[in-house]
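The sequence shown begins at 1 in this note's numbering and counts up by one.
FYI, nobody ran anything at the bench for these hints, they're computed from the structure.
Because the structure is a prediction, the values reported are computed rather than measured.
Note that beta-carbon positions come from the ideal geometry of N, C-alpha and C, so glycine has one too.
Honestly, I wouldn't trust all of these hints.
Claimed, not checked - Lysine to aspartate or glutamate pairs mimicking EDC-like chemistry, simulated, CA-CA at most 20 Å apart:
no. : residue 1 : residue 2
1   : Lys215    : Asp260
2   : Lys215    : Glu256
3   : Lys215    : Glu158
4   : Lys66     : Glu256
5   : Lys66     : Asp185
6   : Lys215    : Asp140
As the list claims (entries may be wrong) - Per label pair, the in silico range of CB-to-CB distance:
no. : residue 1 : residue 2 : range
7   : Gln132    : Arg4      : 23 to 31 Å
8   : Arg40     : Phe8      : 17 to 25 Å
9   : Ile64     : Trp277    : 19 to 27 Å
10  : Gly253    : Val102    : 44 to 52 Å
11  : Ser133    : Asp230    : 40 to 48 Å
12  : Asp248    : Asn280    : 41 to 49 Å
13  : Pro85     : Val263    : 56 to 64 Å
14  : Phe8      : Pro99     : 16 to 24 Å
15  : Pro85     : Ala297    : 26 to 34 Å
16  : Leu55     : Ile235    : 54 to 62 Å
17  : Ser245    : Arg4      : 57 to 65 Å
18  : Tyr232    : Pro99     : 47 to 55 Å
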Amino acid sequence: MFDRLFRFFESRIQATEPPPPGAPPTGLLAFYRHFVGQNRGIFVAMLFSCLLVALSDTVTPVVIGKLVGLLGAADRPAALVQAVPMLIAMAVFMLVLRPAVVVLDALLRFNTVMPGFTNQVRWQNHWHVVRQSWPFFQDDFAGRISNRVMQTANAMRESAVSGVRAVWYIVVYGITTIVLLWRADWRLAVPTLAWFAGYVLFLRYFVPRLRDRSKTASHLRSRVVATIVDIYANILTVKLFARPSAEDRHVRGVMEAHQDAIVGHSRVITQFIALLWMLNAMLLVGTAGVGIWLWQAQALDVAVFAMAVP
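Could you build all of it, start to finish, from the sequences and the hints given here?
So this is what it looks like as structure tokens:
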């Protein structure tokens, strides 16, 4: 049964079919549309599955809040009898619906997009590259060309999936969370609104820097691969005429430049993660502080507080 399920999702993208007529466009957005558009249905399905995951994650704190409210009931036997339908619905949601949504999302990401879309981009890139003229290959390193063919597919898949999951998930999860908190008490939603504003500022600051450093690191990685492949491909010439010290110095310089680029990229990533954790901590503390203040003023129920804090 599981093999049939896996095969169904794994066969949604025919990676090595002949590419559409015409070369891929040169513009970044047009380049993405060219490849993503060939699998529009898959990415729409992934948007839908991510929507369901975000909604299920939003409902989970509501379930916790309802359980806390039930445990705080004065007449426990009567409250438990009255809550039986709700408890059954919660159990179905947690044991059946939520796992099914998560599995669907994982199947689309890891069993459809990751193998199929990645190799489709690689195949079509290779198909177009191998049909270039002889001077095209003479003017560049074979290693750099092959590295671009391989790495472009990974970069496109990761950025497309991250765009769906990071942006779309946060938008859906954030909006539904704000709506739920606003319905309980608008003051509970203020920390989440502030978090959204801070997150947008984070993206505006960090995304351009991550993009530039990632581009630099990618170029230098291609140079490293090109240098090593060129040495191995011409190993007879290297053995006969090159000096090992000169070759070592050349390769060392290329690798050190690539390492410096990775270091710069990694620093920005670490800064982003650290500041995002601080922002998340401020959200938790802010929501808890507002909740305690409202609870002390007898304006907030414990069940609503339990829903808001997670």
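Now the hints, each set against the structure:
1. Lys215 / Asp260: holds, 13 Å
2. Lys215 / Glu256: holds, 17 Å
3. Lys215 / Glu158: Holds, at about 14 Å.
4. Lys66 / Glu256: With Cα atoms ~57 Å apart, Lys66 and Glu256 exceed 20 Å; violated.
5. Lys66 / Asp185: Holds - the C-alpha atoms of Asp185 and Lys66 are around 16 Å apart, at most 20 Å.
6. Lys215 / Asp140: Holds: Lys215 and Asp140 sit about 19 Å apart, inside 20 Å.
7. Gln132 / Arg4: 23 to 31 Å: violated, 41 Å
8. Arg40 / Phe8: 17 to 25 Å: About 19 Å separates the Cβ atoms of Arg40 and Phe8, which means 17 to 25 Å holds.
9. Ile64 / Trp277: 19 to 27 Å: holds, 22 Å
10. Gly253 / Val102: 44 to 52 Å: holds, 47 Å
11. Ser133 / Asp230: 40 to 48 Å: With a Cβ separation near 20 Å, Ser133 and Asp230 fall outside 40 to 48 Å, so the hint is violated.
12. Asp248 / Asn280: 41 to 49 Å: For Asp248 and Asn280 the Cβ distance comes to about 46 Å; the hint holds.
13. Pro85 / Val263: 56 to 64 Å: Taking Cβ atoms as reference, Pro85 and Val263 lie about 58 Å apart, which means the hint holds.
14. Phe8 / Pro99: 16 to 24 Å: Once the Cβ atoms are compared, 18 Å apart, the range 16 to 24 Å for Pro99 and Phe8 holds.
15. Pro85 / Ala297: 26 to 34 Å: holds, 33 Å
16. Leu55 / Ile235: 54 to 62 Å: Holds, since Leu55 and Ile235 (Cβ atoms, about 58 Å apart) stay within the stated range.
17. Ser245 / Arg4: 57 to 65 Å: Roughly 59 Å apart at Cβ, these two residues keep to the hinted range, so it holds.
18. Tyr232 / Pro99: 47 to 55 Å: Check passed, 48 Å falls within 47 to 55 Å.
In terms of the numbered hints stated before, the structure departs from hints 4, 7, 11, listed from lowest to highest.
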